[in-house]
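> Sequence:
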Amino acid sequence: MEGIQAIGDFLTGLGTPVLLPIVIFILGVILGQKVGRAVISGLTVGVAFIGLGLVIGLLIGALDPATKALIARTGVERDAVDVGWGVAAAIAFGTSVGALVIALAFGINLVMLFTGLTKTLNVDIWNFWHFAFTGSLVMLVSGGKLWLGLIAAGIHCVVALLIGDLTAERVQQFFKIPGISIPQGWAITSVPIILLLNAIVDRIPGLRDIEWDEETIRKNLGVIGQPLVLGSVLGLLLGIVAYGFAGWRDALLLAVQMGAVMLLVPRIIAIFMEGLTPLSEAARQFMQKRFEGREFYVGLDSAILIGHPITISAAILLIPITLFLSFVLPGNRVLPFADLAATAFFVAMVPPLTKGNFFRSVLYGTIIMVMVVYISSFFAPLLTEVATDIGYEFPEGATLITGLSGGNWIAWVLTQVGRLFA
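Its first residue numbered 161, the sequence shown is counted upward by one per residue in the working numbering.
No wet-lab data here; the hints were simulated from the structure.
Since the structure is predicted, the reported quantities are computational estimates derived from the model, not experimental observations.
Just so you know, even glycine gets a beta-carbon here, dropped at the ideal spot from N, CA and C.
Please note that a few of the clues may not be correct.
[Said to hold, decoys possible] Computed cross-link-like contacts, DSBU-like style, restricted to lysine-lysine with a CA-CA straight-line distance of at most 30 Å:
hint, residue 1, residue 2
1, 194, 449
2, 279, 336
3, 194, 279
4, 305, 449
[To be verified] Now the in silico label distances, taken between C-beta atoms and shown as ranges:
hint, residue 1, residue 2, range
5, 381, 481, 42 to 52 Å
6, 407, 304, 42 to 52 Å
7, 569, 192, 36 to 46 Å
8, 406, 548, 34 to 44 Å
Take the sequences, apply the hints, and build the full model.
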């Protein structure tokens, strides 16, 4: 197990900007690309991820102090601290399930690829922590049954691949990035919720007719509807709410930073297209020759989705909405904190599944965040126990820890099933 964990630590330690170019290069050569073309494709995608990481760092770095200021102004406290996805991932990878999850997930993925059960090769290794998170909690509630935790992690992996396939075409068309899918462990859990809400809203007169897509917003709001200006306006409003009028300098800086995110991310997505288009074409030709009728997708992190203007706009509005929900929802124990600045990740799959509808993005995002708050509240005692077992050092004054990013219904359902084996 130590050897397997060492390999897993090495792969996750490389990081996506290093590991993905290697994977893209190997895939390109296997699929028939010339070595030089495969090198360029791999490096281009790696550069795109570095650029995306810089912009996401700007986004979260700008929103984080604003959200903390907003929380401080409310004065509300809860007994479970949201420590964020980074800590939750480290805890999940630190368990026995986490040590084996990379080998497990890759093995499942390859079997499903070769048997035609999936079209996706998931190279988003770092986000295998979601599978480890699910498996670790199941192992805990089942009385330490490692085999059951691995089964739970495997089920989460299978569901991620299947939903990644299901949504791939719409993601590719909406973002104009060929040959990809999004099997990321949290993003896929939002998909059934979105599809169910679509089915409900489509049957409600009035609501179903609200079409606030990017083009409509630009047409009705004029210059304010331009992504650059809209992001700046929403950033300014959030800054005023968070910092007050006395913090007008911080509010103005947040406005410019949100405008920068709106402008820069589409440019970076174009770099992804430049790197992935040749690979997608090589994969199409390869499949036509050897597996007629089959397609092949590269499974990527949902981070490539969050830069859409509709997603960013909805995410900014969801910050105060989520904070308000945490105050008024009965039985909630969680005060959103570390993950509150990352609300874009929670609604990343809404725009491609609603044709970029801003109204539905905010509405569905609110409903999703209700579920996230409740599930992460439910998981607080369990995650705290897992963290204690692996020697995690708790923040000062924290009674319980949790993470909004761990609040997915797949983990919740499998944990309930795991209790039956205790």
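> Can you let me know if the beta-carbon spacing of residue 406 and residue 548 is within 34 to 44 Å?
With a Cβ separation near 41 Å, residue 406 and residue 548 satisfy 34 to 44 Å, so the hint holds.
> Residue 279 and residue 336 were given as a pair; does the straight-line alpha-carbon distance stay at or below 30 Å?
19 Å, holds
> Does the structure keep residue 194 and residue 279 at a Cα separation of 30 Å or less?
23 Å, holds
> Holds or violated: 42 to 52 Å for the Cβ distance of residue 407 and residue 304?
50 Å, holds
> Residue 194 and residue 449: Cα distance at most 30 Å?
Cα-Cα ~17 Å, so holds.
> A range of 36 to 46 Å was offered for this pair. Does it hold for the Cβ distance of residue 569 and residue 192?
Check passed, 41 Å falls within 36 to 46 Å.
> Against the 30 Å threshold, does the CA-CA distance of residue 305 and residue 449 hold or violate the hint?
Status violated; Cα separation ~45 Å.
> With 42 to 52 Å as the target window, see if residue 381 and residue 481 comply at their CB atoms.
21 Å, violated
Hints 4, 5 from the list above are not met by this structure, while the remaining hints are.
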